[in-house]
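Colleague: Sequence:
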Amino acid sequence: MNANPLKSVFKIITISLFVMLLSACQNESYKENVSVADTAVSEEYEAVTSKTEPSTSAIPNNLKIIKSANARYKVKHVKVATKKIKQIALNFDAYISDLRFQNDLYRIENRFTVKVPQQHFDAMMDSISAIVEFIEYENITTQDVTEEYIDIETRLKTKLEVKQRYETILRQKAKTVEEILATEEKLRVIQEEIESEQGRLKYLTNKVAYSTIQIDLYETVDYKEEPTSYKKSFWSKTKEGLVFGWNFIETIVLGIIHIWPFIILGSLLFFVIKKRIKK
Numbered sequence: 227m228n229a230n231p232l233k234s235v236f237k238i239i240t241i242s243l244f245v246m247l248l249s250a251c252q253n254e255s256y257k258e259n260v261s262v263a264d265t266a267v268s269e270e271y272e273a274v275t276s277k278t279e280p281s282t283s284a285i286p287n288n289l290k291i292i293k294s295a296n297a298r299y300k301v302k303h304v305k306v307a308t309k310k311i312k313q314i315a316l317n318f319d320a321y322i323s324d325l326r327f328q329n330d331l332y333r334i335e336n337r338f339t340v341k342v343p344q345q346h347f348d349a350m351m352d353s354i355s356a357i358v359e360f361i362e363y364e365n366i367t368t369q370d371v372t373e374e375y376i377d378i379e380t381r382l383k384t385k386l387e388v389k390q391r392y393e394t395i396l397r398q399k400a401k402t403v404e405e406i407l408a409t410e411e412k413l414r415v416i417q418e419e420i421e422s423e424q425g426r427l428k429y430l431t432n433k434v435a436y437s438t439i440q441i442d443l444y445e446t447v448d449y450k451e452e453p454t455s456y457k458k459s460f461w462s463k464t465k466e467g468l469v470f471g472w473n474f475i476e477t478i479v480l481g482i483i484h485i486w487p488f489i490i491l492g493s494l495l496f497f498v499i500k501k502r503i504k505k
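The opening residue of the sequence shown carries number 227 in this note's numbering; numbering runs sequentially from there.
Hints should not be assumed to be uniformly reliable.
Okay, derived cross-link-like pairs now, EDC-like style, lysine to aspartate or glutamate, Cα gap no bigger than 16 angstroms in a straight line [said to hold, decoys possible]:
no.: 1; residue 1: K290; residue 2: E379
no.: 2; residue 1: K385; residue 2: D352
no.: 3; residue 1: K290; residue 2: E411
no.: 4; residue 1: K399; residue 2: E410
no.: 5; residue 1: K433; residue 2: E374
no.: 6; residue 1: K290; residue 2: D370
no.: 7; residue 1: K293; residue 2: D352
The hints are simulated quantities; they were obtained by calculation from the structure and are not laboratory data.
Work out the full structure: start from the sequences and follow the hints.
Modeller: Okay, structure coming up:
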């Protein structure tokens, strides 16, 4: 009778120890699993971060920047400086447009526009500054059109997809005349929108690719008071006399050519009348 209670107590103690040992193992396994999971999440976060975070070296290639400059320089000789700038532009694959030359009593000016590839913009500005006598001002502006550029590309891609769907409908599903005309009208509208987006995208691409530099060159000259009257020289009068004589001869010849029928008719009448008088 006494052995049975002892056996029961021993079983209870054994079961309790087994339960405690099992619980400890489970806790240890849980901790290990949590540690492994945290490590995996951390590694995944680092991988995603390294992929999504843009590098500083890649940013300039993705930006769409329009550069432009407006500068005014004093030079010793406008024509010489203009020739040098043309050579500089040629070295940087640039070209000059809208050249306007002005010469008055106290100043000679030359205004023109230079279109230069964006990658050569700074070098071009530095090269021009090196050959001038005095920099009156240099204004450089930049316009970031990256957002607009990406927005146009996205909308253009969507509209091209919509156009493709309409073309599929027109080929496969439009059966009646009304359905065909309605689909063609939608295709016309979407095509006009696509062409408009493509035109804007091309414009931005050209503006980004080529920067604009507006240059004003000027040189000062000694002021000369404008004369109230001009006296012609002997050679000027001789030249005018020769021109007048030639013009007079030319007028007479052209006049004879214009009235040649009347001259012939008058000559015939003269001979007829003369012959009758003799008879």
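Colleague: Given the hinted pair K290 and E411, is their Cα-Cα distance within 16 angstroms?
Modeller: violated (35 angstroms)
Colleague: Sort out whether E374 lies within 16 angstroms of K433, counting only the CA atoms.
Modeller: Holds, because 13 angstroms separates the two Cα atoms, which is no more than 16 angstroms.
Colleague: Holds or violated: are the alpha carbons of K293 and D352 at most 16 angstroms from each other?
Modeller: holds (15 angstroms)
Colleague: Next pair to validate is K290 with E379; report whether the Cα-Cα distance is within 16 angstroms.
Modeller: Given that 16 angstroms is the threshold and the Cα spacing comes to 13 angstroms, the pair holds.
Colleague: Taken at face value, is the distance from the CA of D352 to the CA of K385 at most 16 angstroms?
Modeller: violated (44 angstroms)
Colleague: Can the restraint linking K290 and D370 be considered satisfied, given a maximum Cα separation of 16 angstroms?
Modeller: The hint holds at about 6 angstroms.
Colleague: With the threshold set at 16 angstroms, check whether the alpha-carbon distance from K399 to E410 stays at or below it.
Modeller: holds (13 angstroms)
Checked against the numbered hints given earlier, this structure breaks hints 2 and 3; the rest are met.
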